[in-house]
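Start from chain A and add chain B according to the hints.
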Amino acid sequence: MSYYLGVDIGSVSSNFVLIDELSNVLEKIYMRTEGNPVKAVKQGYKELMEKMNGKVSIQGVGTTGSGRHLADIILGADVVKNEITAHAVAASFFHPDARTIIEIGGQDSKMIILQDAIVSDFAMNTVCAAGTGSFLDQQASRLNILIQDFGPAALKSKQPVRIAGRCGVFAESDMIHKQQMGYPLEDILMGLCEALVRNYLNNVGKGKKIESPVIFQGGVAANAGLKRAFEKILQMEIKVPPYHDVMGAVGAAILAREYIEEHQCASVFKGDSFITEGQFNSSSFECQGCPNMCEVVCIRRDKEALAYWGDRCKRWETSIGHKEVG
Amino acid sequence: MNKIGMPRGLFYYYYYPLYKTFFSDLDARVILSQKTTRITIDQGIDAAVDETCFPIKVYFGHVKELCRYDLDYLFVPRLVSIEPRSYICPKFMGVPDMLRASIDNLPPLIDITVDLSRSDRVYKDQLFKTGKLFTKKTGRIKDAYEHGKQELAYCQAIAAQGYTMAEAIDIWQGEDIEQQLNGSLRIGVLGHGYSLYDEAISMNIISRLRQMGCTVVLPEALSLEEIEQEAATMPKRIFWTLGRKMVGSALKMEKMADIDGIIYVACFGCGPDSFIGEIIERKVSDKAYMLIIIDEHTGEGGLVTRLEAFCDMLKRRRRHKIEDYISAYG
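Note that the protein sequences, when read in sequence, are chains A and B. The working numbering puts the first sequence at residues 54 to 379. The working numbering puts the second sequence at residues 147 to 476.
If you are wondering where the hints come from, they were derived from the structure by calculation, not from laboratory data. Fair warning: there could be bad hints in the mix.
Every beta carbon over 10 angstroms from chain B, so not counted as near; a handful from chain A, in silico [said to hold, decoys possible]:
(1) Glu103
(2) Gly129
(3) Asn135
(4) Asn255
(5) Val321
(6) Thr329
Ranges of calculated distance between the beta carbons of each label pair, as one might list FRET restraints [claimed, not checked]:
(7) Phe327/A / Asn350/B: 40 to 46 angstroms
(8) Met84/A / Ala303/B: 40 to 46 angstroms
(9) Asn197/A / Asn328/B: 57 to 63 angstroms
(10) Ala303/B / Lys92/A: 34 to 40 angstroms
Every residue gets a Cβ at the ideal spot worked out from N, C-alpha and C, and that includes glycine.
Chain A extracted, bound-state conformation (with noise of 0.2 angstroms):
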């Protein structure tokens, strides 16, 4: 049997499925990063191979989310692809008919509009990262409500308070406001699932055609609240897949294994005992070699230094035979 492993690194959780050569998903992790991604591919991938009773032969890997070079670093990927890319991938794999992806993750929102199952258009939140998931983790935890519980109990809001959603710290005064006068907690989180319904069809949503079926996928999906919001503003059913929080991961898979299938060729997947036996760590330092000061970026595993980056002049990335990222 052959495998693919597909690896998605976010700001938040760091996601890793092992798909079969039909793109069926075997199994799935999901766990958060915890700010340090160089112990989350360690640890999930440690996990999952548990799972799979060490009984896997790896084909092909795919790594995807804003750590997905650190992740190729680790693990030898076959294919390293932006979460854009392999967002659509996976939806336009699950729902071909699919016309509207909208994507919440962490630090960034994205919408994206399939035509013929192919990326017709994007967008993706600018600058600000106001409601996003870690903005929600963070009003979660300032109510003390687990965030797992923060969808159904904004589902009992029969009257959601209005909160403006423009932006994450007007958003919360709001919310302190609201809830000093006493509304009750499932209006309030109603009212803010509303606002950041509002807030991402205004800013990322601005300008596009939003036409159904509707995929919402992104950890933020699990969010019950949410989805009815999206639901009473857009008018139109919104899906959400079976492995909504881990697309991106099943998308880096799929395309993986398009690439070897593609090319016929062997995985650089580094295997077992390079990835779980080592120690690996980083450090970053200021280079002196011009006025830029870049902070440079080392990966190390044990004492061999696996990848620099950080420099623009990339006399560092250049130290190592890496191949090109793209």
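Only chain B this time, still in chain A's reference frame:
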């Protein structure tokens, strides 16, 4: 010999050959600040008012660098308008005053007012007075200016062959730069030259695209008449010079069959761009369009992700089109 400092920022990218020639012909030595580095940026942010846009802050950094040299003059023209009935962003008008207010030990400024909105009389007059600082012969001043204009036209002709203005200036000064025009995708890239062609401000967006296998098409490669013609189709004339050029270029590029997509690079704090980026987004319906907003952040991840996704989208689309063609007619 008089030493004149010129900051490598803002309208450097549009006019450097003109003024460099002008002053050199009058036997002055032009000292240009270095390419923007981390230090330039840090010093600029430190010195400038925080309400200004990023390129102006960087310009302040360049001025700070030049202040370290022993200069006779610092050339910071007060740009109001560079063509009839059109204007440059009002922040540019205040640059010499802002510099005086926020930087001590400035060398004497040559801050001639460039305002061609009604006539070029005042501008010529001031330029002439500036020339008088270096020579008594009026004929020489006139010749130097005419020569400057020629050199500028020559430099613009270099840029029209597919170079950025920054590269064109380097070539004009004798450097050898290879043309990169054989990418598999052709992408039109628009934006104010002082953000687009400064590698530090634009986070190298043009070389990144080229590395991803794209040929970059810039407004300088289009004919001015065509740009103006397209811009004139707007219901109301856009009175910002650069904004109008961008809208015209975008509309022109939309009609060019060999261009796959258009990227607009705007600065976060730019007033005119907040309109222009929007207008282009609404007008360009036939081509893939992406607006990229840049600011002081150094995290390049977001930029790279967007560029990659944009290129992937165009490549996949094109492949899809070819497959369609085969299935329908093959």
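Status of the hints after comparison with the structure:
Separation of Glu103/A from chain B is adequate, the least Cβ-Cβ distance of about 31 angstroms exceeding the 10 angstroms criterion. The claim that Gly129/A lies off the interface holds: its Cβ sits roughly 20 angstroms from the closest Cβ of chain B, which is beyond the 10 angstroms cut-off. Listed as outside the interface, Asn135/A is inconsistent with that label: its C-beta sits roughly 4 angstroms from the nearest C-beta of chain B, within the 10 angstroms cut-off. With a least CB separation of 13 angstroms from chain B, Asn255/A remains clear of the 10 angstroms interface cut-off, as annotated.
Non-interface status of Val321/A relative to chain B is upheld: no Cβ of that chain comes within 10 angstroms, the nearest being about 20 angstroms off. Consistency note on Thr329/A: stated as away from chain B, and its beta-carbon is indeed over 10 angstroms from all of that chain's, at 27 angstroms minimum. Taking 40 to 46 angstroms as the suggested C-beta distance range, the pair Phe327/A and Asn350/B does not conform, at roughly 33 angstroms. With their beta carbons about 58 angstroms apart, Met84/A and Ala303/B fall outside the hinted range of 40 to 46 angstroms.
Checked against the hint of 57 to 63 angstroms, the pair Asn197/A and Asn328/B passes, with Cβ atoms roughly 59 angstroms apart. For the hinted restraint 34 to 40 angstroms between Ala303/B and Lys92/A, the CB-CB distance of approximately 56 angstroms leaves it violated.
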